[in-house]
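Asker: Chain by chain, the residues run as shown.
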Amino acid sequence: MLTVSVKWQKKVFEGIEIDPTLPPYVFKAQLYDLTGVPPERQKIMVKGGLLKDDADWSAIGVKDGQKLMMMGTADEIVKAPEKAIVFAEDLPEEEQATHLGYSAGLVNLGNTCYMNSTVQCLKSVPELKSALSNYALTGRSADVDQTSHMLTVATRELFGDLDRSVNAVSPTQFWMILRKKFPQFSQLQNGMHMQQDAEECWTQLLYTLSQSLKAPTSSEDSDAVKALFGVNLRSRVHCQESGEESSETESVYSLKCHISHEVNHLHEGLKHGLKGELEKTSPALGRTALYLKESLIDSLPRYLTVQFVRFFWKRETNQKAKILRKVDYPLELDIFDLCSEELRKKLEAPRQKLRDEEGKKLGLQPKSTSKDSDVKMTDAEASSKESGESSTVTQPEGGSSEKGTLHMTGIYDLVSVLTHKGRSADSGHYVAWVKQESGKWIQYDDSHPSLQREEDITKLSGGGDWHMAYIIMYKARFVSM
Amino acid sequence: MAPGPDPNSVGDGAKRDEATIKVPSKDPKKKDDKKEEDLSEEDLQLKQNLELYVERVQDPNPELQKAALESMSFESLGYRLTGSEGDIGSWGHEYVRNLAGEIAEEYTVRQGEEASIEDLMDLVQQIVAFHMKHNAETEAVDLLMDVEDLDLLLEHVDRTNFRRTCNYLTSAAKYLPGPDDMLVLDIAYMIYIKFEEYPNALQIALFLDNMQYVKQVFTSCTDLLRKKQFCYMISRHGITFELDPEMVENDVDREMLQDIVNNTKLSEGYLTLARDIEVMEAKTPEDIYKAHLLDGRASSGPSADSARQNLAATFVNAFVNAGFGQDKLMTVPSDSTSGSAGNWLFKNKEHGKTSAAASLGMILLWDVDAGLTHLDKYFHSNDNPIIAGALLGVGIVNCGIKNDCDPALALLGEYIDKEDSSVRIGAIMGLGIAYAGSQNDQIRSSLSPILNDAKAPLDVIAFAALSLGMIYVGSCNEEVAQSIIFALMDRSEAELGEALTRFLPLGLGLLYLGKQQESVEATAEVSKTFNEKIRKYCDMTLLSCAYAGTGNVLKVQDLLAQCGEHLEKGDIHQGPAVLGLAMVAMSEELGLDMAIRSLERVLQYGEQNVRRAVPLALGLLCISNPKVTVMDTLSRLSHDTDSEVAMSAIVSLGLIGAGTNNARIAGMLRNLSSYYYKDASLLFCVRIAQGLVHMGKGLLTLSPFHSERLLLSPTALAGIVTLLHACLDMKSIILGKYHYVLYFLVLAMQPRMMLTVDENLKPISVPVRVGQAVDVVGQAGRPKTITGFQTHSTPVLLAAGERAELATDKYIPLSPILEGFIILKENPDYREE
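As they're listed, the protein sequences go chains A and B. Per my numbering: the first sequence ends with 1436, consecutive numbering throughout. Per my numbering: the second sequence ends with 837, consecutive numbering throughout.
Treat the hints as calculated values from the structure; they're not laboratory data. Treat the hints with care, as some may be off.
Residues on chain A that point at chain B, a partial pick, calculated with CB under 10 Å [said to hold, decoys possible]: (1) Val1041; (2) Ala1043; (3) Glu1287.
Subject to a maximum C-alpha distance of 25 Å in a straight line, what follows is the list of computed SDA-like cross-link-like pairs (lysine to any residue) [as the list claims (entries may be wrong)]: (4) B:Lys682 <-> A:Glu969; (5) B:Lys537 <-> B:Ser591; (6) B:Lys269 <-> A:Glu969.
Given the structure is predicted, the values throughout are model-derived calculations rather than measurements. Glycine included, each C-beta is placed from N, C-alpha and C at the ideal position.
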């Protein structure tokens, strides 16, 4: 009879007796009683070897009083999870793209950064993408010419390619069709395609899309592009000499931010841009007279585009010169005071709601406005009917679960910036800076997307030779009521 | 200086050397001019005489010339020998010093003529006696070294000067060519033994790797408590040492002491330190990445699990929580159904699961009992990579720990010859780590056959060679060497081109680690017959391993010459040459600084494969010692256009900052993580480096040097060098499926602590001063040994270049080298004030 001690985990079991005539399995059974570890999972270490169930004690040479060590647990054996884990590396390329959190860049085909940056900015509008994907179903209507149709299809394809790809996409097809539709982009210089004005590209492309995306079946209201980008302006044209006054409305796709020496901020520039002088024949005076035109916004778009009028034709040098003046723009734009009286009234209630919600977020007590909330509710309803297109088109899928509809607030958030770097519109470099759904800002410098900090986005306001904002796009903030 | 075959590079270097020499040579002249003015009359006379002689030497008359020459040389020696035999000191210090100089010269002359030196030695006796009495130990040692009779020193040292003498001897040894250095250390050892300064004697015995001396320390000392301290010192050095009854008589005592040597108390001590510093709380990889400081960038990662990123997280988690026994990925208690530990394991892909399972070994490092308990369940998995990981984990958890039951061998032994290669590698590598330096014959007999098994896959053979190299590190074992040599000869042309083949010559080299020329010569001869694809690689590896830590200047030059060559073909031997440069030069500060400078230059003119190795060499030179200049160089290289240079630089940033929590490196790496967020490979390297910097939450070091930078732990160096060799082909090994070679670093991981224990080996807290170590070699009196110190209470962390001293007289430390575990004895003379 031998006596040994067995160390198991941190415990030591002293004085365990071994009968050398019985196989070690018996010993293991003894240990099972002590530790609860089933014999088949016991590993008993004796001088650099494991104790086998059928070993001969004498051959092992265990001495009286020897210390043995046992390893083993009654723990559950690890099993692979039933649902195998899918690793990003194993995903097909297109799915990897979505995991990056942003889409691919565009290859520069030779001075095509104006086009690349325009495409990247417009691509950031999901509604435009969905409108384009619906276009496939409707097909070409009779009143859209062949090249417009082709350009629309090419845009759709390009957007799709960008979403699917991890690596930079080469927009060869799109570029060819763009040049076909707008031959002015085919200008050559020294055998190379010239740099073009991104604003022209933007405007022309958007115009083409608006033409072809007009649903042929229904009324004008279903002009998808107009619904997204169109701003209705109501202008008062006033002649100081004769005192004549007339009013006119127009729809534009972008607001202009005029830059003069007193403009330091986008807001000032916009105000400036909504006021103008024009000369026209006055019926009262019977000659041309100077009229003042003052415009106010009558309806708000879902996406507000602002163009900084940075380029002007300089006769002396015979080229588009650039105004380098620094004009700040905010990440959050409130255009309430550029709106017409009626629109302001409609906006009041949603704005109050928005303020309350924000107040709540900050932990403030919402002011009890039980009395006038009724009034405003009716107002709001009215407004939702009147500005119909914006609130109905805009309701996202998730919105239906919320009670009430979404309303414009006149407050906009910056979503994309198209910048220019250089001294003239036909030279230099264009880059797009686009906010992703994740909230991250990505700079699309042709084929190189890179992450940017939000505070750096507002630094693109000019005043030097750094990239400066040329076209910026804001997205409306809604409040559900 | 051995002229290199390439005239361009070497010529360039030589020119610069000349330039640097010229500059200082001007200064002494100026000083001389000034001195002339303040000469005393006596000296002036002497000087005029001298000038006369110089004039006469140029005289056309040969007889006059001869006379002049003779009277110029050894004037005072001549008079002394022919003249009086009175007290040598009566003429003053300057006279004795002068005499000593002349004796040294005369000695070489007579050696050349094989003339008798008896009269000289008489004088030497007197001079040495004089110097030793007058606080001029350094001069006495210098003279004795010149006349090659250091034994004389033993007669003249006494209690007052033996420390300074030995201090000078040990530091001088670093600059002496072999075998003089060993001789000098021998004398130092004898002096220490003579004055019963056993810890220092033991230190030197370990340095000499002389087990006979180690034994003598034990047999000479009678105090059991002091012997315990010796055991702590041996355990830190990481060698396998068996106590016998001659050293410690009592069986119970011996067992207890052997436990200390076997490092069984290491985990406990480390956790004591961790609790005291309050860093027990487990950290997640995210705590290390600190992505929130990167303002939005890469903060919310991709939604799907990236196998590579998860693997990186596995390593970071393992390194950061190393030895703490708890983490938030692997050891968390599994919930009822799936078990979250299992979850993380399965978030790693294929071979990634090996590293994940093995990471448990790292987390439970040194705690064998708990480690085996945690790893047990993975042994029963039916997934080969997991089993492989469990095996490797067993090896890691046993790293540096010896146990009578040999659990690692018992568990791993069975798996060596399994079918699946990954399982085999797990077991083989585990054995290599657990038994590094043990020279265990049982393992050799089971691993050697693999090397010469024609059917074994290359990777299994490579790891077997490596593990054998580790187990027999620095042993010069002939049989192992033979097996590896045969394995190398058996490799086909194609196999020799494989990345893993480099482990064969490396395994061979490790056998001779630090053993210098004589031992490695035979093997080096054999390596000349190898296939040319591997021949030079093998040469370089053998050379650099054999001279690792010796600071041999000639070898540094040889290796530098290799780096300077501009090769056309895809030769790979320059990588190990660059690493070798660092291995040889890393031992002492001056050589280290020179090597850093040389590497900067190699970076300028070297070929791409040389440039790739330079960051790694810098990483080795400054391991766990973040020198700002090196940090800046590596930071620059981490943005290199060559991605492999960048990768090595990033990993090296981790190495130099390993276990320091260095905020500057952490910041650099954080920025790199956003800079490289799209490049999975580089990002992986950044993550690994981040894990290294926060290794053991800042309580660990990777430095193979300890005991005031005197001793070099061979197993630690072997671990680091292996990783560096693997990093020479990062893409195929670490970024491929052999990432677990990163775990070789465990061999070098040690707590960078000073923990004081009382006579019952229970931790006690005492005040200590910790400051920058000051070099006091050759300084008279009792100079301060640290500067800019702060007072803490033990246990304390010691950074590179720091030294501690007790700030209380209440206790007496049993070792003058206050590192690791220090036993304190109550001071009987202490009086409470």
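Asker: Hints first: check each against the structure and report whether it holds.
Answerer: How the hints compare with the structure:
no., hint, verdict
1, Val1041, "holds, 6 Å"
2, Ala1043, "holds, 4 Å"
3, Glu1287, "violated, 17 Å"
4, B:Lys682 <-> A:Glu969, "violated, 58 Å"
5, B:Lys537 <-> B:Ser591, "violated, 31 Å"
6, B:Lys269 <-> A:Glu969, "holds, 21 Å"
Figure legend: structure checked against the earlier numbered hints; hints not met, in rising order: 3, 4, 5.
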